[in-house]
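Chemist: Based on the provided sequences and hints, a complete structural model is requested.
Number of protein chains: 2
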Amino acid sequence: MSKAFLTKPKGFRVAAVKAGIKASGKLDLGLIVADQPCTAAATFSKNKIVGPAVVIDREKIQSGRAQAVFVNAGISNTCTGNRGERDVHTICREVGKCLDIDSDDILVCSTGIIGEFLPMGKVCKGIKKAADSLSRTALADRNLAQAILTTDLCIKSSLQKISLGGKTACIAGIAKGSGMIAPNMATMLAFLTTDVNISATLVRRALKHQVKLSFNKVNVDNHMSTSDTVIILASGQAQNKRITKADAKYKKFEKALGLVCDDLARQIAADGEGATCMVTVRVRGAASSSDAYAAVRKIVESPLVRCAFNGADPNWGRIVSAVGYSGAKFDPRKLTCSIAGVPVFRAGTPCRFNAAALSRKMKNKQWDVLVDLGAGRYQDFCYTCDLSRGYVRINADYHT
Amino acid sequence: MSKAFLTKPKGFRVAAVKAGIKASGKLDLGLIVADQPCTAAATFSKNKIVGPAVVIDREKIQSGRAQAVFVNAGISNTCTGNRGERDVHTICREVGKCLDIDSDDILVCSTGIIGEFLPMGKVCKGIKKAADSLSRTALADRNLAQAILTTDLCIKSSLQKISLGGKTACIAGIAKGSGMIAPNMATMLAFLTTDVNISATLVRRALKHQVKLSFNKVNVDNHMSTSDTVIILASGQAQNKRITKADAKYKKFEKALGLVCDDLARQIAADGEGATCMVTVRVRGAASSSDAYAAVRKIVESPLVRCAFNGADPNWGRIVSAVGYSGAKFDPRKLTCSIAGVPVFRAGTPCRFNAAALSRKMKNKQWDVLVDLGAGRYQDFCYTCDLSRGYVRINADYHT
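In order, the protein sequence lines correspond to chains A and B. Under my numbering, the residue at position 260 of the first sequence is numbered 1158, and the numbers go up by one with no gaps. Under my numbering, the residue at position 251 of the second sequence is numbered 1149, and the numbers go up by one with no gaps.
One or more hints might be untrue.
As the list claims (entries may be wrong) - Restricting the straight-line Cα-Cα distance to at most 25 Å, the calculated cross-link-like pairs of lysine to any residue (SDA-like) are:
#1 B:1110 to B:1099
#2 B:958 to A:1229
#3 A:1106 to A:1232
#4 B:946 to A:1182
#5 B:1139 to B:1149
#6 A:1027 to A:991
#7 A:1261 to B:1292
#8 A:908 to A:1057
#9 A:1232 to B:981
#10 A:1261 to B:1287
#11 B:1020 to B:988
#12 B:924 to B:1052
#13 A:946 to B:958
#14 B:901 to B:924
#15 A:1020 to B:1247
#16 A:944 to B:1272
#17 A:944 to B:1192
#18 A:920 to B:1249
#19 B:1261 to A:1295
#20 A:946 to B:1232
#21 B:946 to A:920
#22 A:944 to A:987
#23 A:1232 to B:1011
#24 A:944 to B:1182
#25 A:958 to A:924
#26 B:944 to A:1182
#27 B:946 to A:1020
#28 A:946 to B:1245
#29 B:901 to B:922
Said to hold, decoys possible - Partial selection, computed: residues in chain B whose CB lies under 10 Å from chain A:
#30 954
#31 977
#32 1135
#33 1137
#34 1139
#35 1142
#36 1211
#37 1219
#38 1227
#39 1232
#40 1233
Note that these hints are calculated values from the structure, not bench results. Where a beta carbon is used, it is the ideal one built from N, C-alpha and C, also for glycine.
Modeler: Okay, here's the thing in structure tokens:
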């Protein structure tokens, strides 16, 4: 059974309870609580339609400080007008009262169905129950990672250890995300804890940079969600000398944070709704970074391409033609494409390859598509998954 | 049984044969031949990766003149390098020889699998057979409409009659297109014939304008094809006084042409791969035409939205959140959305509606989604269809 590690960094307790928000009756409400106010940073959905929690969190995180995170799954409390906004304030008040924490230091995340109100009676009871059961146990860690899931099949967690001036520090993360996943923001919920002692400016800088290279590189269905939030809390309890400059120690921290974020991002793509395989699509040789980005996006946004992934069909024509309408500059005679390491298209003409053998490779859990535009030195990538009957089943049959 | 009408306008003969290009052995090669050189215009895919036929046709149509169109389905002859280009020239030579027509007046269209070479022996035999069987019969018309199909389930055809200065004229069209359908070009093959006497400049202008409002408004799977072509041939045999100015008669012609194009475009959306319903998505109240376009595109490009269509699920949250990341300017508190005529979201909050009754309406063959951004006076629309297990089956299971 997979493990979650949010309390591995020193200074954190977590809890998860069944509050009755999810119709399934599963774990659906959690708390992440630091012993002391933490240095904190966050990134949010760039959707114009966002839940009130995102609006309020965005304001609060300006302080670079937070002590607790409330999270619920099942209902996203988005498109719920003034009542939705009041409910977020009520949650902060309740959490603050139970834990004796300033309401300004409490962040709220809700994920799930759009347009429904939170059952506030159940939520308030859930908060009390969760506050009473905060702990640093592996079970609590695991339960929390479970509680934040919606259509996800498995929990997503990651852990890195680093040594900073003789002190050992940890960076841990959990995430959820399966549908409504497209980049250009933090594309899901992810919570990161660390005991590294670091300034608010630098933790924000590291998070922003690493989210761009990880969570924002995941695309399941082109659909940008309304609740996406990534939060990091840094307790400082590793007792390293505070990192206040972008020096070698900062770089070490940022690199480790990047590994955690990348690991979680891959787990999200692999658990995309209905996914049977996780595919990394890389474009290199682009004339500009925007060209590389555009070509990657058009490939992963094509349902035709992603159906071919599902069928383990080395249909390079779909990939190459998607690049063709991406707007990226290239000479078709210099374009090359390989699938799972096998060259399939080169210099404007098809390569000879063993289609049956390649199809078998595409039945593996993870493989790559590589396109070289032959037009420059820029590159980009995206994590995606196949488009299956399972995706349609999940999103057509289960009614709002 | 549906009828096709390409020979209703005076001055055209057509033929279709089984040349053995489609593995299924179905009709796969056709000719459209005018008695005399016609005034002609065409629009093509804007994909950077296009078949050699598109490149060559684009050049030829500059003359504003054409007399014959060769078309085959099964193999698109795209990404086939120099050999593919030579094959197009061979086709023109063969058609020219059989029909005694100048090679410059012959256009070529190929649709089907990317990256395979045309079986030129079979193609040349097919051309001879087709040239020998040209006729003005309803059966030939129907066979041709059938021959150009790939994954389409049904033929697509349309006819309009107009009176011009006492003369009756016709505009007829057939089309194919089912997958790899996204706007921003002529998104499929469509062939239009008319006996209207009109200048090349004006027929080009009318076609360009009407394609934008019809074929370019269809989106099945965001994937722009490599072979898309719309061609119109005007024989002039209705014997109306030649239309050379953008006057009332020109407007009458353009309007009728628009009706034919719109009718064909709707038929393409309704026959999208795996489609069970055809949905017109309209956005109005936009601050600019590009905002209206962006909002429409993001709605129809979301597989989440189109799965909800498939499930007859009035999931307005997916529609509204897609508008939210479209980049269009709007105030969420002024946004309204209705599905199949039923208001579901207004002024930033959900409307009360009978979900079961609305779901029943969504099980109809055709219905609308209407979003009002409340930000201006611009509007746009798109024809799309639902995303079903059938789409995945078609595009995952049938290997290249």
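Chemist: Hint by hint, which ones does this structure get wrong, listed from lowest number up?
Modeler: 3, 13, 21, 25, 27, 30, 32, 33, 34, 35, 39
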